[in-house]
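From first to last, the protein sequence lines stand for chains E and X. Heads up: the first sequence at position 127 corresponds to 127 in the working numbering, and the numbers run straight through without jumps. Counting from 1 along the second sequence, just add 1000 to a position and that's the residue number in the working numbering.
Certain hints may be false.
Straight-line C-alpha distance at most 30 Å; calculated DSSO-like pairs for lysine-lysine [to be verified]: (1) E/Lys134 x X/Lys1153; (2) E/Lys168 x X/Lys1144; (3) X/Lys1126 x E/Lys168; (4) E/Lys134 x X/Lys1081; (5) E/Lys46 x X/Lys1144; (6) X/Lys1153 x E/Lys168.
Everything labelled a hint here was simulated from the structure, so no lab data went into it. Remember, it's a predicted structure, so these values are computed and weren't measured experimentally.
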Amino acid sequence: MPDALPRSEVPDGQGPTELDAIDRRLIVATQAGLPRVARPYDLLAKQLAMPPEDVLRRLQRMIDLGVIRRIGAVPNHYALGYTANGMSVWDVADERIDDLGARVGALEFVTHCYRRPRRLPDWPYNLFAMVHGKTRDEVLAQVAGIAALLGADCRAYDVLFSTAILKKTGLRISE
Amino acid sequence: MAERLAPATLDDIDRRLINALQGDFPLVREPYRQVAESLGLGEDELLRRLDLLLERRVLTRFGPMFQIERAGGAFVLAAMKVPEADFDRVAAQVNAFPEVAHNYRREHALNMWFVLATATPEGIPKAIAAIEAVTGLPVFPFPKEREYFVEMKLRA
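With the rest of the complex left out, here is chain X (with noise of 0.2 Å):
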């Protein structure tokens, strides 16, 4: 279920797509022309590119990043220790919650480090104490309490 650590092949054209794409995507009636134009691509060739690059997940979405504080919703890092004999089964429960937007495995005592995302904040409570019930281990929440600054751009 652990996805491959190991970095994908790209070419160049690939390179100059992914850094494009994640700047500010065009509100316009044919934004992939226009951004296709801008890197001297025909438009079909973006847009086959841009599949392949989803199915073979380079990238793990295109389309609007969503705040979801901003409308009402709430998003929550939350840690569990899992014993490591148990690791898998509790990958599998906690994954299979829809309330579970990302899940890392991670190098601590703390060692699987998830993000909550409800439509409310009540959901959250909810979804933890669900958790808890499926997988017999405590879930520590660590609610952001201030935000310094976010911008998941790499260069390709």
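Just chain E, with the same shape it has in the complex (with noise of 0.2 Å):
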């Protein structure tokens, strides 16, 4: 990878930061999972030859710049119960996408908050908000509680309902 990429190729604010050749190989051997022994940062350690109060450090420092969200477990909705996963999609005006995504991705039902671009004619949704519950008509009521916090700003709207998980791995990059 490069050490680093002009901002204008990375959406607003979101850029990459200064990640050095360690901290990458921390990142590889992590990206699976952490292991699942009783020392689990020691074990990391060991095998990327340093102490473990680096591991430490250069985990915490990642996520004070985000590049970790969090470290912790990814759970599988539908094994969980909230079987029903809605992705609904909105179209806003530009001008207004910014007020009304920070309020949408504020409800307490909302995971994943999104601009992304239309495709016009056949797709004109430009905000996304994942949505899940236990039932489709739960779904359906949070997204009507996303239609009525837009109000008149909502000019078309669609919940695209997920009938199977293909694959889910999370992501795999090579050092």
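With the hints as a guide, dock the two chains, each given alone in a separate frame, to form the complex.
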């Protein structure tokens, strides 16, 4: 990977940060998961030939920089009973979307909320909000909540329910 | 190839463990022991249950969640309109790409939605071209232009 990329190539304010070769080795060593042993960071330290304190310090730094969102478990939402998974998509005015996106993202049942490009004429939607529920009715009620919040700012919307997880491995990059 | 959609059978301890592990995992030398103590469990039991939850795919992974763009990489949502008769073939072809991090079937004319994760932004158009070549179908990228909120936590 290059050390740094021009800011223009990544979304606003979410550009790459300064990571060195050791950080990258730590990313590669943990992207499949954290070792499930009593001292997982010590094991990583041994693999990377560095002191355990350095592993902890570097991981904390990557959390502080936003390279790591958090360390934890990613549930399969179907297994937890969240069998209704809806990608709600909305057509709102470009000049209003930042304000509206922040408000939709703040709803407690929205897990991800992004602005994405339209693909006209087939796809007029520019605001994406993922919602999860135990039933379709629950998701549709949540979608109705978003529609109410957007009010007249919503020109069109749809909700795409998922019917199967075809693959879910998380990211894999090489060093 | 599609995973079953039925909820898993979980006991109360599994649920408490899943909820606790979706928080910030401690950056200390013996983090599992610390979490186990907070739940009134033995460390060995926590590790055994965590292994089982991963093996049963109740959890899809356990570890750091990276925001790949901050590490110079790219992460792009993309969709395809796949004819019903070809769906399984195309799903197998798409899933075979290591750049495809996850892939969902959805009810829409655009019926396959997947995320491409690559080490550099240049990897995205290459992966899209390769997928189009193998499947014979166009790929529609939906790169994120702005992120308003991301917090994938679900109460077990």
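Violated constraints from the hint list, given by number and in increasing order
5
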